[in-house]
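A.B. asks: This is what each chain is made of:
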Amino acid sequence: MRAEEFVELLKEAGYNFFTGVPCSLISDVIILLEKDRQVPYIPAVREDAAVGLAAGAYLGGKTPCVLMQNSGLGQCLNALSSLNLIYKIPCLLIVTWRGYRGKDWPEHWVMGRACTGLLDSIDLPYKKLTPRNLEEAVEWSSKVISRKRIPVALLLPKGVME
Amino acid sequence: MRITRALKTIMEMVRGELVVAANGRISREAFTLRDRPENFYMIGSMGLASSIALGLALSQPKRKVVILDGDGNVLMNLGVLPQIGALLPPNLLHIVLDNEVYGSTGNQCTISSAVGLEKIARSSGYLVVKKITEEKSLRPTLRQYLKARGPVFLLAKVEAEVEPKGIKRVMHSPVEIRNRFMKSIGSKP
Ligand SMILES: Cc1ncc(C[n+]2csc(CCOP(=O)(O)OP(=O)(O)O)c2C)c(N)n1
Ligand SMILES: [Mg+2]
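Each protein sequence line maps, in turn, to chains F and S. Just so we're on the same page, this note's numbering is the position in the first sequence counted from 1, plus 5. Just so we're on the same page, this note's numbering is the position in the second sequence counted from 1, plus 242.
The following block holds chain F by itself, in its conformation from the complex (with noise of 0.2 Å):
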């Protein structure tokens, strides 16, 4: 999918707060969101600081969405388990899955293993993105975040963006 649609998608899902750290992955998909005109991309710091902004726009009445690499789901652990999962304030995380199948650098090796792992760990509702599921996967997301309020993962391997 282009990254233009994929911002559509996720705009029409009634995402309205962006926030993150970037990955290459998904590189245009955040350019366009700092471009986007309708809704704010707040860049972040660290990835466990942009789930807690993330967090305090849910409050303030957004529904946030948060962008990262995988490499940052350990940072921001202590976050979604004692923030978001007990006091049940969603958000959508899109993760680039680095390291998926170990095809990729040293440093995405160990954590490309173990992501799904660390979200099952937790209980956190995840989906990998194909290049054919996205609508449905974006939807799935908005389902299981008005049930039952808790943060949910897109997994986006490598190939998945054009």
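Source of the hints: derived by calculation from the structure; they are not laboratory data. Remember, it's a predicted structure, so these values are computed and weren't measured experimentally. Careful, some of the hints might be misleading.
[What the hints assert, rightly or not] Covered stretches of chain S (chain F as the covering partner; in silico rule of three or more C-beta atoms under 8 Å from a C-beta of chain F): (1) 279-286; (2) 415-424.
[What the hints assert, rightly or not] One side only, chain F facing chain S, incomplete, derived with CB under 10 Å: (3) Ala18; (4) Phe22; (5) Val50; (6) Gly57; (7) Leu58; (8) Ala62; (9) Leu64; (10) Asn83; (11) Ile91.
[Claimed, not checked] In silico DSS-like links for lysine-lysine, alpha-carbon gap of 25 Å or less: (12) F:Lys93 x S:Lys430; (13) F:Lys132 x F:Lys148; (14) F:Lys153 x S:Lys430; (15) S:Lys430 x F:Lys148; (16) F:Lys93 x S:Lys306; (17) S:Lys306 x F:Lys153; (18) S:Lys410 x F:Lys93; (19) F:Lys93 x S:Lys425; (20) S:Lys425 x F:Lys148; (21) F:Lys16 x S:Lys410; (22) S:Lys378 x F:Lys16.
Glycine is no exception: its CB is placed at the ideal position from the N, C-alpha and C atoms.
Given chain F, put chain S with the ligands in place with the hints provided.
C.D. replies: For chain S with the ligands alone, coordinates are given in the frame of chain F:
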């Protein structure tokens, strides 16, 4: 200045402001002194009170947001200071109760006695920065800053002390805290 006195003055002076309280004693004591729906007690996620408050301030530009932070909390999420300085939300008042220790876990030293958090705030770009040490200057300072255009950083130097008896745990569940807080803003979970 005693922490309890400082918190009591602050909690007496807030009106419609949204208050986000850092974890540990600060949340518990704010709850004990004056529980109100507009208080968000952050019982975990140490360091993130400032980030939560920033997200609130950006999404609720008409509401004043007050952060009750601790020095240990600020040092854990120091990157948020330049983030606030870069975004310049006018409705943010960041109060740090600096006792130079992790008071809630038994007064182990932080490094705030050596670094000067007010200097970091100033170079981070806060519009107004002030450090106070005397209890008597807190009330007039707050009277001014609760109305001032922000972001304002108010460093209140407080004594490290043994936690007094009678400070209760926050009695509301996290979901209750969320619900009543959101209701007080008029936003829906
Ligand atoms: C990530 C994390 N590490 C450690 C703790 C334990 N802890 C709870 S409160 C606290 C101290 C907070 O210090 P400060 O912000 O200075 O507030 P004070 O207790 O001094 O009022 C610590 C270390 C925690 N809750 N979370
Ligand atoms: Mg302290």
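A.B. asks: For a C-alpha distance cap of 25 Å, please report whether Lys93 of chain F and Lys306 of chain S respect it.
C.D. replies: holds, 24 Å
A.B. asks: Take a quick look at whether Lys306 of chain S and Lys153 of chain F sit within 25 Å of each other, Cα to Cα.
C.D. replies: Roughly 30 Å separates the two Cα atoms, so the pair is violated.
A.B. asks: Can you verify the interface hint for Leu64 of chain F: is its Cβ closer than 10 Å to any Cβ in chain S?
C.D. replies: holds, 6 Å
A.B. asks: Can Gly57 of chain F be said to touch chain S, with a Cβ gap under 10 Å?
C.D. replies: holds, 3 Å
A.B. asks: Is the hint on Phe22 of chain F kept, meaning its closest Cβ partner in chain S is under 10 Å away?
C.D. replies: holds, 6 Å
A.B. asks: Tell me whether the statement that chain F covers the stretch 279-286 of chain S is true, taking a Cβ distance below 8 Å and needing three residues at minimum.
C.D. replies: holds (count 4)
A.B. asks: Identify whether the interface hint at Ile91 of chain F stands, where standing means a beta carbon of chain S within less than 10 Å of its own.
C.D. replies: Where the cut-off is 10 Å and the nearest Cβ of chain S is about 4 Å from Ile91 of chain F, the hint holds.
A.B. asks: Has the stretch 415-424 of chain S got at least three residues whose CB is nearer than 8 Å to a CB belonging to chain F?
C.D. replies: holds (count 6)
A.B. asks: Does Lys148 of chain F lie within 25 Å of Lys425 of chain S when you go C-alpha to C-alpha?
C.D. replies: holds, 22 Å
A.B. asks: Check whether the Cα positions of Lys378 of chain S and Lys16 of chain F lie no farther apart than 25 Å.
C.D. replies: violated, 50 Å
A.B. asks: Given the proposed pairing of Lys16 of chain F with Lys410 of chain S, does the C-alpha separation stay at or below 25 Å?
C.D. replies: violated, 43 Å
A.B. asks: With 10 Å as the cut and Cβ atoms as the points, is Ala18 of chain F at the interface with chain S?
C.D. replies: violated, 17 Å
Hint compliance for this structure: hints 3, 17, 21 and 22 are broken, all remaining hints hold.
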